[in-house]
Amino acid sequence: MRINILQHTPNEGPGSIRTWAEKFGHQIYVYHPYQFNGILPTADQTDMLVILGGPMSPNDDLPWIKAERNLIQELLNKDTPMFGACFGAQQIAKTMGYVIKKSPAKEVGWAPVYRQTTTIPDIPDKLLALHWHEEMFEIPQEAELLFSSDAVKNQGFVLNHRVVGLQFHFEPQDNDVREIVTNDAPYIAGSIFKQNATDILKTPVPKENQETMFQILNYISADK
1 MRINILQHTP NEGPGSIRTW AEKFGHQIYV YHPYQFNGIL PTADQTDMLV
51 ILGGPMSPND DLPWIKAERN LIQELLNKDT PMFGACFGAQ QIAKTMGYVI
101 KKSPAKEVGW APVYRQTTTI PDIPDKLLAL HWHEEMFEIP QEAELLFSSD
151 AVKNQGFVLN HRVVGLQFHF EPQDNDVREI VTNDAPYIAG SIFKQNATDI
201 LKTPVPKENQ ETMFQILNYI SADK
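Last residue of the sequence shown: number 224 in the UniProt record's numbering, and the count goes up by one each step with no gaps.
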């Protein structure tokens with residue numbers, strides 16, 4: 001399977017998604033449309049699409065952001081497996097016609113999320129996730145609410161056995177968290193979690209996060 005990954009900033013890579021792909025012998029192609037003139041894969045080249053986070057907003061008037069949504073729409077039409085994290089999840093929701101707006105609270109750091117449906121099996125009721133956002137998506141009416149946090153209800157959705165969007169991050173591993181914090185520590189200011197860079201770095205990534213990421217990817221890529 002060819003997994004095309006859209007990466008939107010150098011310090012937010014695929015993390016455990018790469019680990020999952022390598023475990024099952026899938027090929028990864030990583031695109032950086034924000035840097036390389038909006039280069040994107042075609043729908044025909046894509047067996048699974050992963051859309052990662054980034055500092056931009058789907059509401060920004062940039063040609064490559066709109067081109068990404070055209071690709072997402074083609075893949076929705078083809079029922080292609082798709083996973084979006086943070087900005088990526090927002091891109092999926094906006095493609096489907098839903099609003100992206102400021103969330104009721106800026107969430108940056110470690111905080112729990114709570115599973116809202118058992119549609120994807122073997123996911124714990126509560127997980128400690130890395131949050132790095134201050135915008136949120138509306139849940140598509142066609143989708144199920146998958147996760148909520150204490151401050152923001154719309155934290156994740158699952159759609160048609162093929163699409164999952166998460167407002168937060170399960171994919172980072174310990175080295176990825178260090179890279180995120182090293183390069184983007186000023187963004188922590190104003191978070192409701194009142195954590196500093198040291199607090200975030202000294203929190204180990206829970207092993208359940210990779211296990212849950214694997215469950216999500218298994219789910220969207222499995223035969224219906």
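Certain hints may be false.
The calculated SDA-like cross-link candidates involving lysine to any residue, where the alpha carbons are at most 25 Å apart (straight line), are [unchecked claim]:
id	residue 1	residue 2
1	K66	Q141
2	K126	I188
3	K194	A143
4	K101	E142
5	K207	I100
6	K202	Q141
7	K102	W64
8	K23	D184
9	K126	T19
10	K153	I100
11	K126	P104
12	K102	S191
13	K126	K207
14	K153	W110
15	K66	I100
16	K102	K78
17	K101	K153
18	K207	S149
19	K23	S221
20	K126	W64
21	K153	T182
22	K78	K126
23	K106	D184
24	K106	R162
25	K153	K194
26	K102	T42
Read the hints as simulated data drawn from the structure, not as lab findings.
These are the hints, each one checked on the structure:
At roughly 22 Å between alpha-carbon atoms, K66 and Q141 fall within 25 Å of each other, so this suggested pair holds. A distance of roughly 23 Å separates the Cα atoms of K126 and I188; the hinted pair therefore holds under the 25 Å criterion. Only pairs whose Cα atoms come within 25 Å are accepted, and K194 paired with A143 is rejected, the gap being roughly 32 Å. Note on K101 and E142: the hinted pairing holds, with a Cα-Cα distance of about 19 Å set against a maximum of 25 Å.
Proximity of K207 to I100 is assessed by CA-CA distance (about 31 Å); at most 25 Å being required, the pair is judged violated. At most 25 Å may separate the alpha-carbon atoms for a hinted pair to count; K202 and Q141 exceed this at roughly 38 Å. Note on K102 and W64: the hinted pairing holds, with a Cα-Cα distance of about 22 Å set against a maximum of 25 Å. The hinted pair formed by K23 and D184 fails the criterion: a straight-line CA distance of about 30 Å is larger than 25 Å.
In summary, the hint linking K126 to T19 is supported, as the alpha carbons are separated by about 23 Å, within the 25 Å threshold. A threshold of 25 Å between alpha carbons decides the hint, and for K153 with I100 the separation of about 14 Å falls inside it, so the pair holds. In summary, the hint linking K126 to P104 is supported, as the alpha carbons are separated by about 21 Å, within the 25 Å threshold. For the suggested pair K102 and S191, the alpha carbons sit about 13 Å apart, so the restraint of at most 25 Å is met.
Taking the CA atoms of K126 and K207, the gap is about 13 Å. The hint holds against a cut of 25 Å. The suggested pairing of K153 with W110 holds, with an alpha-carbon distance near 16 Å, which does not exceed 25 Å. At most 25 Å may separate the alpha-carbon atoms for a hinted pair to count; K66 and I100 meet this at roughly 14 Å. Between K102 and K78, the direct Cα distance comes to roughly 31 Å. Violation of the 25 Å bound is thereby established for this hinted pair.
Distance check on the hinted pair: K101 and K153 sit about 13 Å apart at the alpha-carbon level, within 25 Å; holds. With a C-alpha separation of about 19 Å, the suggested pairing of K207 with S149 holds against the 25 Å cut-off. For the hint pairing K23 with S221, the CA-to-CA distance comes to about 14 Å; that is within 25 Å, so the pair holds. For the suggested pair K126 and W64, the alpha carbons sit about 36 Å apart, so the restraint of at most 25 Å is broken.
About 29 Å separates the Cα atoms of K153 and T182, which puts this hinted pair outside 25 Å; it is violated. Our distance criterion of 25 Å between C-alpha atoms is broken by K78 and K126, whose separation comes to about 33 Å. The straight-line distance between the Cα atoms of K106 and D184 is roughly 15 Å, inside the 25 Å bound, and the hint therefore holds. Distance check on the hinted pair: K106 and R162 sit about 29 Å apart at the alpha-carbon level, beyond 25 Å; violated.
A hinted pair counts as satisfied when its Cα atoms are at most 25 Å apart, and K153 with K194 qualifies at roughly 20 Å. As the CA atoms of K102 and T42 are separated by approximately 31 Å, the hinted pair breaks the 25 Å bound.
Going through the hint list in order, the structure does not satisfy hints 3, 5, 6, 8, 16, 20, 21, 22, 24, 26.
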